[in-house]
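Residue numbers (the numbering used here), protein chains in the order written: chain A, 1 to 399; chain B, 1 to 568.
FYI, nobody ran anything at the bench for these hints, they're computed from the structure. The reader is advised that the hints may include incorrect statements.
[What the hints assert, rightly or not] Under the rule of at most 30 Å between Cα atoms (straight-line distance), these lysine-lysine pairs were calculated in the DSSO-like manner: (1) B:Lys513 x A:Lys359; (2) B:Lys52 x A:Lys109; (3) A:Lys57 x B:Lys117; (4) B:Lys72 x A:Lys284; (5) B:Lys212 x A:Lys151; (6) B:Lys212 x A:Lys311.
[Claimed, not checked] Chain B side only, calculated, beta carbon under 7 Å to chain A, not exhaustive: (7) Gly146; (8) Met181; (9) Ser182; (10) Pro185; (11) Leu186; (12) Glu214; (13) Gly218; (14) Arg252; (15) Arg259; (16) Leu278; (17) Val517.
Since we're looking at a predicted model, the values are computed, not measured. From the three backbone atoms N, C-alpha and C, an ideal C-beta is built for every residue, glycine too.
This is what each chain is made of:
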Amino acid sequence: MRRPAAWAAVLLLTGSAGAAEVTPLWALQFMGGQHFFEGRSSALAGNIDVHYTPAVKFSDRWTLLPTYAGSYSGTRDVQELAGGGTLFQDSMSHGLLVKSVHALGERWKLKPSAGAKLELLRETVDEQWGDGLFDYRKWSGGLEAEYDQSKNAGGRFAYDFYQLTFPNYESLESAADPTLARELAGAKVLDSSNHLITLGWWSPLPAAGRLEAAAFINRRSFGDQPVVKSDGGLTGTERADTTLSLHVETAYPFTVGDAARAVGTLGLSYGSQSSNQNHFDARKAVFLPNYYDYSQWSLSPQVSAAFGESKWVSSLSASYQRRTYSNRPTQDGNGDYLSEKLSLSEITTQFAVTYPVAKNMRLRFQTSLAWSDSNMQYEKVFRYNYKIANYMMGFSYEY
Amino acid sequence: MGLSNAQRRVGLWTLGALLPLVFLHSLWADPVVVNAVRGSAEIRRARAQNNKWYALRKGSPVKPGDEIRTGKSSRAVLKLDDGSRVVLSGGSRAKVLESSPNRIFALAVGRMKSFVKKLKPTSKFEVRTPLAAASVRGTIFEMGVGEDGKDGYLDVSRGVVNLAQGGRDLDVHAGERVDFMSGWPLGDPVPGKSSDDAPADEEKTDDKSALKREVGLGMSKEAVMAAAAEEMRLAEYQEGKTLIDVNGDRVRLEEYIIRRPQELAANLQDRAFKLVVLNERDNRFDYFYYRGVFNQALPDDLSVALNGVRGQLGAAAPDYYLDSYEMGQSNTRDSVLDQATGGHLVKITYDGTNYYLEDPTDASNTRTILADEVTTTVDGTFHKVYDPVGDRFVTITDAQFTAGGGAAGVYDASQDTFRTLTSADTYWRTAFNSYSHLINGNSKQSYVPDGSLGITNILAQDQDALYTFAGGSVFPVTETPSGSDVLHNRITLYYGDGTTETVNTYIMSDDGKIGPVSAFDGLTTGSAFKDQLLQWNYEQVTEATEFQGRKIDLVVEPKILIKSGLLK
Numbered sequence: 001m002r003r004p005a006a007w008a009a010v011l012l013l014t015g016s017a018g019a020a021e022v023t024p025l026w027a028l029q030f031m032g033g034q035h036f037f038e039g040r041s042s043a044l045a046g047n048i049d050v051h052y053t054p055a056v057k058f059s060d061r062w063t064l065l066p067t068y069a070g071s072y073s074g075t076r077d078v079q080e081l082a083g084g085g086t087l088f089q090d091s092m093s094h095g096l097l098v099k100s101v102h103a104l105g106e107r108w109k110l111k112p113s114a115g116a117k118l119e120l121l122r123e124t125v126d127e128q129w130g131d132g133l134f135d136y137r138k139w140s141g142g143l144e145a146e147y148d149q150s151k152n153a154g155g156r157f158a159y160d161f162y163q164l165t166f167p168n169y170e171s172l173e174s175a176a177d178p179t180l181a182r183e184l185a186g187a188k189v190l191d192s193s194n195h196l197i198t199l200g201w202w203s204p205l206p207a208a209g210r211l212e213a214a215a216f217i218n219r220r221s222f223g224d225q226p227v228v229k230s231d232g233g234l235t236g237t238e239r240a241d242t243t244l245s246l247h248v249e250t251a252y253p254f255t256v257g258d259a260a261r262a263v264g265t266l267g268l269s270y271g272s273q274s275s276n277q278n279h280f281d282a283r284k285a286v287f288l289p290n291y292y293d294y295s296q297w298s299l300s301p302q303v304s305a306a307f308g309e310s311k312w313v314s315s316l317s318a319s320y321q322r323r324t325y326s327n328r329p330t331q332d333g334n335g336d337y338l339s340e341k342l343s344l345s346e347i348t349t350q351f352a353v354t355y356p357v358a359k360n361m362r363l364r365f366q367t368s369l370a371w372s373d374s375n376m377q378y379e380k381v382f383r384y385n386y387k388i389a390n391y392m393m394g395f396s397y398e399y
Numbered sequence: 001m002g003l004s005n006a007q008r009r010v011g012l013w014t015l016g017a018l019l020p021l022v023f024l025h026s027l028w029a030d031p032v033v034v035n036a037v038r039g040s041a042e043i044r045r046a047r048a049q050n051n052k053w054y055a056l057r058k059g060s061p062v063k064p065g066d067e068i069r070t071g072k073s074s075r076a077v078l079k080l081d082d083g084s085r086v087v088l089s090g091g092s093r094a095k096v097l098e099s100s101p102n103r104i105f106a107l108a109v110g111r112m113k114s115f116v117k118k119l120k121p122t123s124k125f126e127v128r129t130p131l132a133a134a135s136v137r138g139t140i141f142e143m144g145v146g147e148d149g150k151d152g153y154l155d156v157s158r159g160v161v162n163l164a165q166g167g168r169d170l171d172v173h174a175g176e177r178v179d180f181m182s183g184w185p186l187g188d189p190v191p192g193k194s195s196d197d198a199p200a201d202e203e204k205t206d207d208k209s210a211l212k213r214e215v216g217l218g219m220s221k222e223a224v225m226a227a228a229a230e231e232m233r234l235a236e237y238q239e240g241k242t243l244i245d246v247n248g249d250r251v252r253l254e255e256y257i258i259r260r261p262q263e264l265a266a267n268l269q270d271r272a273f274k275l276v277v278l279n280e281r282d283n284r285f286d287y288f289y290y291r292g293v294f295n296q297a298l299p300d301d302l303s304v305a306l307n308g309v310r311g312q313l314g315a316a317a318p319d320y321y322l323d324s325y326e327m328g329q330s331n332t333r334d335s336v337l338d339q340a341t342g343g344h345l346v347k348i349t350y351d352g353t354n355y356y357l358e359d360p361t362d363a364s365n366t367r368t369i370l371a372d373e374v375t376t377t378v379d380g381t382f383h384k385v386y387d388p389v390g391d392r393f394v395t396i397t398d399a400q401f402t403a404g405g406g407a408a409g410v411y412d413a414s415q416d417t418f419r420t421l422t423s424a425d426t427y428w429r430t431a432f433n434s435y436s437h438l439i440n441g442n443s444k445q446s447y448v449p450d451g452s453l454g455i456t457n458i459l460a461q462d463q464d465a466l467y468t469f470a471g472g473s474v475f476p477v478t479e480t481p482s483g484s485d486v487l488h489n490r491i492t493l494y495y496g497d498g499t500t501e502t503v504n505t506y507i508m509s510d511d512g513k514i515g516p517v518s519a520f521d522g523l524t525t526g527s528a529f530k531d532q533l534l535q536w537n538y539e540q541v542t543e544a545t546e547f548q549g550r551k552i553d554l555v556v557e558p559k560i561l562i563k564s565g566l567l568k
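Bound-form chain A, shown alone (with noise of 0.2 Å):
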């Protein structure tokens, strides 16, 4: 690299120089409670989650926002439990993410960032940390810009590249004594290098509403899944998929006279997925074509309100969401495969009730209840239609 190209990146990295201005930012929340799901209850256990970010001024032009986000999960949201809940116990993740704002002008900002997160996961009582099956690093990397129209409205656009390993998970097939595995079987199929194109835009509306869109658009490579073929053997070409997420909500603050003062949100959601990997069923020597595409939508109206002169704030929300799978048939309760197509609808309810007791800090409480019903009579590996509700309290922190 010449001088003055290495000269212009330290100065990209480091800004201008001059006194820093270092702002703290605290989100801390604990939650505790359990879940019921068919008439057995978990045991009592909580969930922490906390934010910092030492935000750093160095001018008016250019801050750097590091972040902690660590959690610790010991039991489950509602939304979280498909599938029943089985095969879980507890899971921590811990991620920092580097972000660098830089103002152009008066109206763009240009934001590179770089991430890096450690999920892990204990299915079973005995599993130790760092065992879990399911744990996951997670390199990020990407550009933002952001152009602000005015104040409450703007538009942004963002590349992020990422990678996904799970280095505790390798196919069964390929440990196994080369007899038993397929020709062109791969070890480490769940790894992915994922590109993430991120599109939004928010804008006021009359009478104080608010609008937001977003767009993300990931195209996912698998660098060892070899995509299986119609006789149940292996293709030298790997599974891609592509995956595209839209977005869209509105809020209106109103009042109901001097009983209630309300925010509703009322938010539309649309996604699908691509994938040119397919599916043999062993089980039945059947062999499904494109078998994880699928679209879905979802729908999710939100009402928080402050009654009178009470402090108390409370909030009833509900989700409606239905996925459907293009050509993954569904199947009867011995496991027969039908020619209607996989289908899934989910309803969340939530009703939360929060109190400030301090400043920035929050007592809450939250009960859920959801359902989940499918077309799928076939539940002996993962269940599709159930029921499953949870309650949680705790408090909240801000600052």
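Use these hints to put chain B onto chain A, whose structure you have.
The following block gives chain B in isolation, referenced to the frame of chain A:
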């Protein structure tokens, strides 16, 4: 220590000289001056002829007609002579219309927050925007105007602000906010978000909000990435690749099919497939495989051949049947191996009393087997029933027989259902001419055609096969070690050579709990039993003298065992 008289005189003189100056200064003082500037802010003087913008400096007076603009992330604070303050946020432009006694500002774009001291009755404080005007007598409020001047808001922190637009006006109270847009009437007040923080704190709050927003944007992308990992884990669960076994250990399970197994001779490869089931636990690896060689080359759609592998109902003989099979279980060190060769079809017909077994390749090779042989002893009446599908006899009580026990359950592909074999049916199954069961390479059981019968193909094992057992005999003992009310069975085979082979079988739920016998209450037919069995997992633990204390521990879905013929 007190002042001297001379000192007092000097002091009084000085005070007497300064008081008029202070008084005069208060008369001449500018009503609005710049109190603070942060970032870039500029002023355009009304009296200047060149219409140019100049840098705004702290202490500069701001006269009526002067216009101020602030750069992005900048701020200008104006101090009024009564102690009131006006904070102009970044990206704003405002003009002072009047400075005394009325204080009237015009906000063209951006945000202006006003901290207004109690006014004299004869003066007023007003902020006008292109769409609406707010007037107060002592309060804290903020007004904002969009860049195109077509929308704006009023957010009141303290006191009451009168907001006027067109012909309408309304009072907006502390904690309330009103948004207005061009062409829209003034809406009702809604909860506001402005605070009554001092300007410095307010700025900090703004900065913090912006920082939090940046952090939040980063976290939203993190959530998208985390969802990708979650999706992959979910897919593994949906495909049933992880289960919990009877000991509470996680078992990873992989099942797949290998076409054209390379270990076979080249001429057999097109006719063969291998089903592999792999189990991995924290400290062990077990596997099961079933390799079948058919009578002809297999089609691309393997299910066409496999559908009839255990037998087929109908007058027409199946196109595909097994020529041989090998079934292995291992913990990578010990092994159990079952091998069968000489596969051929057996045609079975039933007249309600007897089963008639025929060899399609040899018209002279036939058997007639009584379907139900009744015996009565002091213990009651028993039925020795022949099962033509499994090629075995079972002895059941009269009550069990009356309830339908012992009836031959067959799969009727035309109706896609299981049913009992009836007198009008023709059924085809595959029989083998030789079979061996080996543990660590030692033969424990085997059979070949009974040479004394002069036949080539075995039709019914009980009549046509000649068995050999290790040490010349085998004695089975069955137990229910966990109690008679749960589905844990043990069978121990005592061979004549003094060795034993013990197989513990568990029917268990997804989370590893042994199923109750009651789950199978009322099920009398084989097909109903299988239907129920398919809802559970199956674990089989094999121990043998040859294993020297080790075991083979397999968790397999019953469907695979039924298909492979291991479970009848």
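Tested hints:
The straight-line distance between the Cα atoms of B:Lys513 and A:Lys359 is roughly 49 Å, outside the 30 Å bound, and the hint therefore fails. The straight-line distance between the Cα atoms of B:Lys52 and A:Lys109 is roughly 29 Å, inside the 30 Å bound, and the hint therefore holds. Distance restraint check for A:Lys57 and B:Lys117: the Cα-Cα separation of roughly 33 Å exceeds the 30 Å cut-off, and the hinted pair is therefore not satisfied. Using a Cα cut-off of 30 Å, the hinted pair B:Lys72 and A:Lys284 is violated, with the two alpha carbons roughly 65 Å apart.
Proximity of B:Lys212 to A:Lys151 is assessed by CA-CA distance (about 15 Å); at most 30 Å being required, the pair is judged to hold. For the given pair, B:Lys212 sits about 24 Å from A:Lys311 by alpha-carbon distance, which is consistent with the 30 Å threshold. Here the hint on B:Gly146 is kept, as its CB sits about 6 Å from the closest CB of chain A, short of 7 Å. The criterion of a C-beta within 7 Å of any C-beta in chain A is met by B:Met181, whose closest approach is roughly 5 Å, and the hint holds.
Taking 7 Å as the C-beta contact cut-off toward chain A, the hint placing B:Ser182 at the interface is violated, the least distance being around 10 Å. With a least beta-carbon distance of about 10 Å to chain A, the hint placing B:Pro185 at the interface is violated under the 7 Å criterion. Hint on B:Leu186 is violated. Least Cβ distance to chain A is approximately 10 Å, over the 7 Å limit. The interface hint given for B:Glu214 is met, as the beta carbon of that residue sits about 6 Å from the closest beta carbon of chain A, less than 7 Å.
Proximity of B:Gly218 to chain A holds as hinted, the smallest CB-CB distance being about 5 Å (cut-off 7 Å). Hint status for B:Arg252 relative to chain A: holds, with the closest Cβ pair at about 6 Å, below 7 Å. Interface hint status for B:Arg259: upheld, as the beta-carbon distance to the closest one in chain A is roughly 5 Å, under 7 Å. With 7 Å as the threshold, the beta carbon of B:Leu278 comes within range of chain A, its nearest partner Cβ sitting at about 4 Å, so the hint holds.
For B:Val517, the shortest C-beta to C-beta distance to chain A is roughly 19 Å, which exceeds 7 Å, and the interface hint is violated.
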